[in-house]
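**Q** If you're matching them up, the sequences are chains A and B in order.
Using numbering that gives the first Met the number 0, the letters of the first sequence correspond one by one to residues 0 to 118.
Using numbering that gives the first Met the number 0, the letters of the second sequence correspond one by one to residues 0 to 118.
Read the hints as simulated data drawn from the structure, not as lab findings.
Check the hints yourself; a few may be wrong.
Distance windows between CB atoms, simulated [what the hints assert, rightly or not]:
1) THR105/A / ARG100/B: 29 to 39 Å
2) THR53/A / TYR112/B: 19 to 29 Å
3) PHE18/B / THR105/A: 16 to 26 Å
4) GLU52/A / GLN64/B: 30 to 40 Å
5) THR72/A / GLU44/B: 27 to 37 Å
Just so it is clear, CB atoms sit at the ideal spot from N, CA and C, and this is done for glycine as well.
The residues making up each chain are set out below.
Protein chains: 2
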Amino acid sequence: MPVATPIAATPEQLARVTFNADGLVAAIVQEQGTGEVLMLAWMNEASLRRTLETGRTWFWSRSRQEYWCKGETSGDRQWVREAYYDCDGDTLLIVVEQEGRGACHTGERSCFYRAFGAP
Amino acid sequence: MPVATPIAATPEQLARVTFNADGLVAAIVQEQGTGEVLMLAWMNEASLRRTLETGRTWFWSRSRQEYWCKGETSGDRQWVREAYYDCDGDTLLIVVEQEGRGACHTGERSCFYRAFGAP
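For reference, chain A alone in the conformation it holds in the complex:
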């Protein structure tokens, strides 16, 4: 099993993150090494802190109104290796080691498996 590597964010760094009217920030998840963009999901402040502290990705489900830890039931866990915030502080980029089949609930490795213009 991969090892969790918590990230010690400073209060100044955390204060740079701005949450929308629903208290959420978009988090892009990218695979370490391949650079593949795996998914986008939403975090609130508590799930961001939990992500950094546990080294696993925690999101806020807007439809279910609950926290979820990616892969907790499926085994397709994400181990956080790097985490960035953008110039506006309103988007996060989480670089992970992806365990299992991949990030998508369909069984695909990435959620972005369908291209415009493809047959």
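On the provided structure of chain A, position chain B as indicated by the hints.
**A** Using the frame of chain A, we list chain B on its own:
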């Protein structure tokens, strides 16, 4: 100057995209070749169509309430090479050839130039 390569999306593909209550969908922009995630911005249906038809990235500015074509004034243009929609249809991934200095208005190549935990 790079060449524009329009993408002929089918009506079925366009119909898979779901817009939020504000009529917007999040668009992640990734650099072709390097795989670097450059930025995230928002598109409405018209800017998505314009992006696919012109081969340049068009977004909707929520703060200015207007369309903007990335790099039109700065010269840091993005030439669309591939475009994907995710399993839920609520996020797009646009793969581009980035011209000029980069995607970020600060002069950085990527908007995600600050890492949590970094000194």
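**Q** Within 30 to 40 Å: is that where the Cβ-Cβ distance between GLU52/A and GLN64/B falls?
**A** Holds - the Cβ-Cβ distance for GLU52/A and GLN64/B, about 38 Å, lies within 30 to 40 Å.
**Q** Given a hinted range of 29 to 39 Å, is it respected by the beta-carbon distance of THR105/A and ARG100/B?
**A** With a Cβ separation near 37 Å, THR105/A and ARG100/B satisfy 29 to 39 Å, so the hint holds.
**Q** For the hint 19 to 29 Å, verify it against the beta carbon of THR53/A and that of TYR112/B.
**A** holds, 25 Å
**Q** Taking 27 to 37 Å as the hint, is the beta-carbon distance of THR72/A and GLU44/B inside that range?
**A** holds, 35 Å
**Q** Confirm or reject the claim that PHE18/B and THR105/A have a C-beta distance inside 16 to 26 Å.
**A** holds, 21 Å
Violated hints: none; the structure is consistent with every hint.
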